[in-house]
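Counting in the numbering used here, the sequence shown runs from 86 upward without gaps.
No wet-lab data here; the hints were simulated from the structure.
Note that the Cβ used here is the ideal one computed from N, Cα and C, for glycine as well.
Please note that a few of the clues may not be correct.
Claimed, not checked - Just the calculated beta-carbon pair ranges, DEER-fashion:
(1) E171 / A224: 35 to 41 Å
(2) E140 / V103: 36 to 42 Å
(3) G188 / P119: 14 to 20 Å
(4) R134 / H189: 34 to 40 Å
(5) R211 / E143: 25 to 31 Å
(6) D163 / R191: 35 to 41 Å
(7) D163 / G133: 14 to 20 Å
(8) P135 / H189: 30 to 36 Å
(9) T156 / E215: 24 to 30 Å
(10) G162 / H189: 40 to 46 Å
(11) L165 / S123: 18 to 24 Å
(12) G112 / V201: 20 to 26 Å
(13) R179 / Q132: 15 to 21 Å
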Amino acid sequence: MPDLREDGCRLNRHMRPVRAVAFDFNGTLSDDEPILLSVYQEIFSEQGRPLTDDEYYETLAGRSEEAIIGTWLGVEGDALESLVEERIERYLARCGRGETVSGHMRDAVAYAAGRVPVAVVSGAFRREIEPVLMGAGLARHVSVLVTADDVERVLSALDRGLHLADRELAAA
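Required output: the full structure, derived from the provided sequences and hints.
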């Protein structure tokens, strides 16, 4: 790889110093998308509306819990809230000890945290992220955690979360 510090590198002249690093959680920091899929498949099958891998990845993956469960099962209110809680409980039973965070990812987070503040910005809930971070030994490296609990609309969680993380990291 070329040394980007060379005087002839145009990219170097336009880059500003990195002030922080923000990681998404599900499917990025935590390699858990197949686990999420299996939990949804179990719950949806129990509710009488099975879900295939293709249906999940093409139409539901990356959406909020309420959107995934509410859209697929056509539920809302207390029924939706109960199913979201069930999904979180099943998820934590399978990966709440940090086993979905690879050694390479743990090293990357630790490396970044040794240089700049690290944030986790996610549409997932705090109560499902924190145990994974603790189990993976990453909680001590994360300066800011912005979750679905911290935003008004989960669809805008990444944009709002990055804004909130920027403010929090500036104060850190």
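Verification of the hints:
1. E171 / A224: 35 to 41 Å: violated, 25 Å
2. E140 / V103: 36 to 42 Å: Holds, at about 39 Å.
3. G188 / P119: 14 to 20 Å: Holds - the Cβ-Cβ distance for G188 and P119, about 18 Å, lies within 14 to 20 Å.
4. R134 / H189: 34 to 40 Å: 37 Å Cβ-Cβ, so the 34 to 40 Å window holds.
5. R211 / E143: 25 to 31 Å: Since R211 and E143 have Cβ atoms about 28 Å apart, the given range 25 to 31 Å holds.
6. D163 / R191: 35 to 41 Å: holds, 38 Å
7. D163 / G133: 14 to 20 Å: Given range 14 to 20 Å: holds, Cβ gap about 19 Å.
8. P135 / H189: 30 to 36 Å: holds, 34 Å
9. T156 / E215: 24 to 30 Å: holds, 27 Å
10. G162 / H189: 40 to 46 Å: holds, 42 Å
11. L165 / S123: 18 to 24 Å: Taking Cβ atoms as reference, L165 and S123 lie about 20 Å apart, which means the hint holds.
12. G112 / V201: 20 to 26 Å: The hinted range 20 to 26 Å holds for G112 and V201, with Cβ atoms some 23 Å apart.
13. R179 / Q132: 15 to 21 Å: holds, 19 Å
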